[in-house]
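Enquirer: Chain by chain, the residues run as shown.
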Amino acid sequence: MAGDPPVRPGPPLWLLLELTYRCPLHCAYCSNPTDFARIGPELGTDDWLRVLREARALGAVQLGLSGGEPLLRDDLEPIVAEAHALGFYTNLITSGVGLNESRIKALKRAGLDHIQLSFQDSTREMNDFLSHTRTFDLKSKVAALIRRYDYPMVLNVVLHRLNIDHVEQILDMAEQMGAQYVELANTQYYGWAWFNREHLLPSREQVQRAEEVTQRVRARVRERMQIYFVVPDYFERRPKPCMNGLGSVFLNVAPDGIALPCHAARMLPDLTFPSVRDASIESIWYDSPAFNHFRGDAWMKEPCRSCPEKTKDFGGCRCQAYLLTGDAANADPVCDLSPHHHLVTAAVAGAGHRRLVEKPLFFRDHRNSLAVS
Amino acid sequence: MSAVAADARPRIGRGLRLQWEPAQGAHVLLYPEGMVKLNQSAGEILRRCDGERMITEIVADLECTFGVSGLSDDVTAFVSMALEKRWLEIRP
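So the protein sequences, as listed, match chains S and W.
Counting from -10, one number per residue, gives the positions in the first sequence under the working numbering.
Counting from 259, one number per residue, gives the positions in the second sequence under the working numbering.
Where hints are given, some of them may not hold.
The following label-pair restraints were derived from C-beta to C-beta distances [what the hints assert, rightly or not]:
no., chain 1, residue 1, chain 2, residue 2, range
1, W, 348, S, 287, 47 to 55 Å
2, S, 198, W, 323, 27 to 35 Å
3, W, 295, S, 290, 31 to 39 Å
4, W, 332, S, 271, 39 to 47 Å
5, W, 321, S, 42, 19 to 27 Å
6, W, 277, S, 298, 30 to 38 Å
7, W, 311, S, 90, 48 to 56 Å
8, S, 276, W, 299, 36 to 44 Å
9, S, 76, W, 330, 29 to 37 Å
Sample of chain S residues at the chain W side, in silico, Cβ under 7 Å [claimed, not checked]:
no., residue
10, 145
11, 292
12, 336
It should be emphasised that the hints constitute simulated quantities derived from the structure, not laboratory data.
Bear in mind the structure is a predicted one, so any value in this text is a computation, not a measurement.
Every residue, glycine too, gets a C-beta built ideally from N, C-alpha and C.
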């Protein structure tokens, strides 16, 4: 069966601006590229405003402002103001570090719709260990500030082997803080998390216990607090429909202006991702070879090419296929139809009887970034 | 499904926004990190939920605008569903 040629996609409904890779935290599962310390200068304010205008004209409507830590940009407020004026729904994705009362007031005035605050764990000790900073008390203050300024309270906690047994305490903490939404996002193994996979991958029993606890708390809190448990795909038999297919709805602009169909896609070899410094969002989205490459299914290999599920999961994640098999066009090995599925099951089995990892946890920081790139 | 009083004045839920998107040819409901593309009838109902008008007035307006009658049950059912999903809220 021949692959269909790429069809012209709809608009990039979701725009994610990674305003900076700088971050006060040093999380060992960070999704930023491991070579961030070698990546070129950040875009200036005017460039970001142009990106907003061009993307909105194409139909982009959900806007994520992330990083790194977006609050490290002192032009965050004018960026939010322009986005709001253009009609974006604006989401700030933050560690909370740098969010004091005068800034939250200014952001509210600029029209910011929503703040997603990350925690690393439920206690000061674990939060501060996992982020390699002393930030727990500060985050707790920021949570109170978010409520006081009448924002929906949305907490995000990335789960992994070292904190997944604390899900009950994490949800208790969220409830006490008055959270309306809690996202328990299991670590995805790219970037820094890929380096630290042995430390971070939980056992199957840990994942099952965490899901049971989540179900129990859900039954108790009901609509008062909505809990999203983002399933760790290593424990599945079918891959996630990553980004709904690369280049279908999601557009990411990295701090240096490189446009990507997924924040991790920068690692994919043999593709030259265009820069918003040289090209319009319209030409990047519709005409650039890098964005067209994984559209349609002409790029697929077997078993995906002839698989009836290819329209549902698009073969899974290209980055995961590349990291695990060395070829981004292979089926995502999470799929049990993939000839490489044993790579995933072996990793999960290893997590089942691991007691100690000899190499230390590799925290995300400037020096480590230079060391690995 | 909980009953909704005919004199209730629903409005778009806190933190949500309803707007017309030309690129999608539809009303969309925007919320933290998510979006629902609405069909025409859902969009027409929701854009009348301004916290000022009662459900009876919204029904009357829709019946007049589209030249039909007997929309009350459908509108009430939709509003109940939207309240459960927190797309809409009723402030005391």
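Enquirer: Take the hints in turn and mark each one as holding or not.
Expert: Each hint tested on the structure:
no., hint, in the structure
1, 348/W x 287/S: 47 to 55 Å, "holds, 51 Å"
2, 198/S x 323/W: 27 to 35 Å, "violated, 54 Å"
3, 295/W x 290/S: 31 to 39 Å, "holds, 33 Å"
4, 332/W x 271/S: 39 to 47 Å, "holds, 40 Å"
5, 321/W x 42/S: 19 to 27 Å, "violated, 41 Å"
6, 277/W x 298/S: 30 to 38 Å, "holds, 35 Å"
7, 311/W x 90/S: 48 to 56 Å, "violated, 37 Å"
8, 276/S x 299/W: 36 to 44 Å, "holds, 37 Å"
9, 76/S x 330/W: 29 to 37 Å, "holds, 33 Å"
10, 145, "violated, 10 Å"
11, 292, "violated, 32 Å"
12, 336, "violated, 29 Å"
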